[in-house]
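Participant: So you can see what is in the structure, the chains are spelled out below.
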Amino acid sequence: MVTDDIVGIRPVNRSPDGSGSEEPGARVRSMFRNCDLTDPVMKRLFEECIARLSEGASRE
Amino acid sequence: MAPTVAELVSNTMAHVSLPSVVARLSNVREDPQSTPQEIAEVISDDVVLTAKLLRVVNAAIPDGVNRVNTVDQAVTRFGVDFVVRVILATAVKRYFQNVPEGMDGALLWTHSLACAVGAGELATRAGSPNPDRAFVAGLLHDVGTVGLYLGHPKRAALAREAAITERKPLHVSEQELWGYDHAGVGLALVRMWGLCDEIEEAVALHHTLDVEATYPVSTAAVQVSDALAHVLLMGSGAVPCVPPVSRRAWRTLSVAADDIPTILRDLENNYARLALVLD
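Those protein sequence lines, which keep their order, are chains A and B.
Going by the numbering used here, 17 is the number at position 17 of the first sequence; the sequence numbering is gapless.
Going by the numbering used here, 240 is the number at position 240 of the second sequence; the sequence numbering is gapless.
Just chain A, same shape as in the assembly (with noise of 0.2 Å):
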């Protein structure tokens, strides 16, 4: 149920030209790879979820 094309949300942390990592982007849609992100709650959790991931990457 997760694609790349799921509305409203954006990759995280591409490079500019778009061929870089999407870590924790990336990661965070392996997570939810088996839940239904047109379920406005459950994108909310996948997005808070990328949220703390990108923070704490940024703090290390």
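If you are wondering where the hints come from, they were derived from the structure by calculation, not from laboratory data.
Take these hints with a grain of salt, some might be off.
Here are some chain B residues the structure puts well away from chain A; computed CB gaps all over 10 Å [claimed, not checked]:
#1 V16
#2 R55
#3 L158
#4 H230
#5 D258
Reference excerpt, derived from the structure (chain B facing chain A, CB under 10 Å, subset only) [as the list claims (entries may be wrong)]:
#6 K168
#7 P169
#8 A227
#9 P240
#10 V245
#11 V255
#12 D259
#13 I260
#14 L264
Even glycine gets a Cβ: it sits at the ideal position worked out from N, Cα and C.
Position chain B against the provided structure of chain A, taking the given hints into account.
Facilitator: Same frame as chain A, but now just chain B:
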């Protein structure tokens, strides 16, 4: 050929018992008229757990000043909800300390405790008269995994491996290899231990989406909290996978998208508070 669930439980965990205080506490807390003193009496009947309770709460008191010597004192100092959850978690924790080879008991315990804390909070938030039942169901929701590893460690490991490589939920790969999953084994164990229908249902249905539950709040609370614990990487393995949650579950608990940050923060804080005294 895989054994049936009944054969698996009978062959591997029939000798494993759950302290009766878990069921008794769950029942006495059902009564809205029950007093903290009555709850303290139930706890005090289990000498071993009482000793552990006093040890862990005293360890949390800085400098040992005004140590507590009785369950009554612990209830007065820490509150009845906290004391009950320490007792319930302590009673269950031992199942995660001697897990079969191939399992990570510490990881499973972290996940189970986080799921319990979240389930208890979500049930309270949704107005459940007895959120302890959601808490206990959260503690035990994955206990069936232990049964699967005890029954056939290689097949259980294969299921985990297939879930990772084929990118599917663990319970799905278990169903493919065994014909049932850890939720079904967990149900058999909880039933064997004589816990109430509400806990049975929440354990049995924690991966079942959009089913009409008899006890919708506890069932939804465990399903949602299981996912929240994975989002917080509490007990997730190297390849974390958030289990699906039904829209019905969010609705049952009256959780809206804007509630998510607060719910995650509360879960982290309350887990840390409980884990601190249990470690």
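Participant: The structure should be examined with respect to each hint, and the outcome stated for every one.
Facilitator: Verification of the hints:
No beta-carbon of chain A is positioned within 10 Å of the beta-carbon of V16(B); the least distance is around 31 Å. For R55(B), the requirement that its beta carbon stay farther than 10 Å from each beta carbon of chain A is met, with the minimum near 34 Å. At roughly 19 Å, the least C-beta separation between L158(B) and chain A is larger than 10 Å, which holds for a residue marked as non-interface. Not every Cβ of chain A is farther than 10 Å from the Cβ of H230(B); the closest lies at roughly 7 Å, contradicting the non-interface assignment.
In this structure D258(B) is not separated from chain A by more than 10 Å, as the shortest Cβ-Cβ distance comes to only about 7 Å. The closest approach between the C-beta of K168(B) and any C-beta of chain A is roughly 7 Å, which is under the 10 Å cut-off, so the hint is satisfied. Because the beta carbon of P169(B) sits about 5 Å from the nearest beta carbon in chain A, less than 10 Å, this interface hint is met. Because the beta carbon of A227(B) sits about 7 Å from the nearest beta carbon in chain A, less than 10 Å, this interface hint is met.
Hint status for P240(B) relative to chain A: holds, with the closest Cβ pair at about 5 Å, below 10 Å. Below 10 Å, beta-carbon pairs count as interface contacts, and V245(B) has one with chain A at about 6 Å; its hint therefore holds. The restraint placing V255(B) at the interface with chain A holds, with a minimum CB-CB distance near 6 Å, inside the 10 Å limit. With 10 Å as the threshold, the beta carbon of D259(B) comes within range of chain A, its nearest partner Cβ sitting at about 8 Å, so the hint holds.
Hint on I260(B) holds. Least Cβ distance to chain A is approximately 5 Å, under the 10 Å limit. For L264(B), the suggested interface contact is upheld, since its CB lies about 6 Å from the closest CB of chain A, less than 10 Å.
The structure fails to meet hints 4, 5 from the earlier list, while all remaining hints are met.
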